[in-house]
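S.K.: Spelled out, the chains give:
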Amino acid sequence: MITNDELDLLLADLLDHYGYDFTHYSRASLTRRVNRLWHISKFLSFAALRHRLRSDADYAGQFVEGITVNVTEMFRDPLFYQVLRRDVLPTLAAKPFIRIWHAGCSTGEEVYSMAILLSEVNLAHKSLLYATDLNSEVLSKARKGIFPMAPLKQYAENYRLSGGTQDFSTYYTAHYGYAKFRSELGEKVVFSTHNLVSDGSFNEFDLILCRNVLIYFDKLLQEQVLSLFDQSLAPLSYLALGSKETLKFSSLQPRYRQLNNEKIWRKIG
Amino acid sequence: MAQDRLTHAHPVVLIGGSSGSIEVLLELLPALQPPLRSTVIIVVHRGNTADSTLTDLLAHRTQIPLREVDEKDPIEAGVIYLAPADYHLLIEADHIFSLDDSEKVNYTRPAIDVTFESAAAVYGPRLTGVLLSGANGDGTNGLLAIRKAGGRALVQKPETARIDTMPQQAIKQHAFDQLVDVDEIIAYINTLGVKTTST
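Quick note, the sequences are listed as chains A and B, same order.
Going by the numbering used here, 121 is the number at position 121 of the first sequence; the sequence numbering is gapless.
Going by the numbering used here, 307 is the number at position 38 of the second sequence; the sequence numbering is gapless.
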């Protein structure tokens, strides 16, 4: 089990050697994930773990993938997607061009969900999706559009509950336990590394989705990232967060209006 | 209501349960006497949809404030908290909650072990873990962590549990200080903090 001081040393190493800044991540979750990696890699001491991390850049990459949570699913919280489909996307339809940013997209399940949604509301032809994550390993998985078959049944059910109108299986072909999604779904997606802690705004968007990423940050970093989103959002555009995340305590709140009880806010000021 | 900031004197009670534990909570909650001198945190296995039915059901059974945890909520004394669906519930050293949507543990999220282990590191001897009825092995490692940190582990008497797998698992691993029925849990929580936080 790692001590607080040891964790401080590891975080300082990751920042000094590799430029990853986890110092404003939620501590309890980080501690748990480092302990898990320590256990899996069977290091005999903290010193051994630290040495490997400092001297082996490949291992450091794996370590970063291991301490960042990459759990995601397609059409997670179906009611959320129902609101996107019914209330949000139609208001963007009049625009000549729609830009959407999936910040912290992990292995891309949400990006493909959005691509399906856009094609069903006939907006795919004029949309561009930016899918970013700090980790290049998960992005290369996302880029392929190939997902394990095991959870597909759940995804199909989520899709149906979200108001999906097609047979979900028309969107992919199954091979050896994996589902490869139709290539045209990925054609309008730009995958790129972007670190919410250290990188700035890079475009103006009509919709930013950042679901279940802020929960891993402390309040200070949450506010910093929300302000980055604010700088990247066009007037009357939307910000979508995870089901337990909120703008309630943020300085942004007065200029955003929440859609009913959904975790979607519209920039009004 | 004696709601105030959690101090280093306040005891903390964590209650974990799965199948058959809601019945226990429905009996336990109305018997807790306000003001609560501790903080009670409940982690029960539940469906993965974000609806508030369970929170409303439990909140109506008690005069003590009962809330489903929101991201970064401060932990207060005199309040009962419920872990939200589909997130692990963790406790930070500065007495705030944080949520985590990492992999399921023991096939479940929230997992009792995750909350118990994270609380053990923060609260040590002033923490009590209570493990109720349930059909899997979740909670045992958490109770072991609580005991190791100097806290107290209570396990529902298997013969009073609708599903005794979870209590039996804890007993098999010696992860308990005392086996208790519902009345004993009620009495324990009602007297907790009365002697230790007389200030």
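Source of the hints: derived by calculation from the structure; they are not laboratory data.
Any given hint could turn out to be false.
Derived pair list, reagent style DSSO-like, types lysine-lysine, alpha-carbon separation capped at 27 Å [said to hold, decoys possible]: (1) 95(A) to 219(A); (2) 141(A) to 373(B); (3) 263(A) to 417(B); (4) 267(A) to 248(A); (5) 42(A) to 426(B); (6) 188(A) to 153(A); (7) 126(A) to 141(A); (8) 373(B) to 180(A); (9) 248(A) to 219(A); (10) 95(A) to 141(A); (11) 188(A) to 248(A); (12) 373(B) to 144(A); (13) 373(B) to 219(A); (14) 373(B) to 153(A); (15) 42(A) to 373(B); (16) 180(A) to 42(A); (17) 126(A) to 180(A).
Some chain A residues close to chain B (C-beta under 7 Å, calculated; not the full set) [as the list claims (entries may be wrong)]: (18) 24; (19) 27; (20) 28; (21) 29; (22) 143; (23) 146; (24) 149; (25) 212; (26) 221; (27) 223; (28) 244.
Ideal placement from N, C-alpha and C gives every residue a C-beta, glycine not left out.
S.K.: Find the hints from earlier in the document that the structure breaks and name them by number, from lowest to highest.
M.R.: 1, 3, 5, 10, 11, 16, 18, 22, 23, 24, 26, 27
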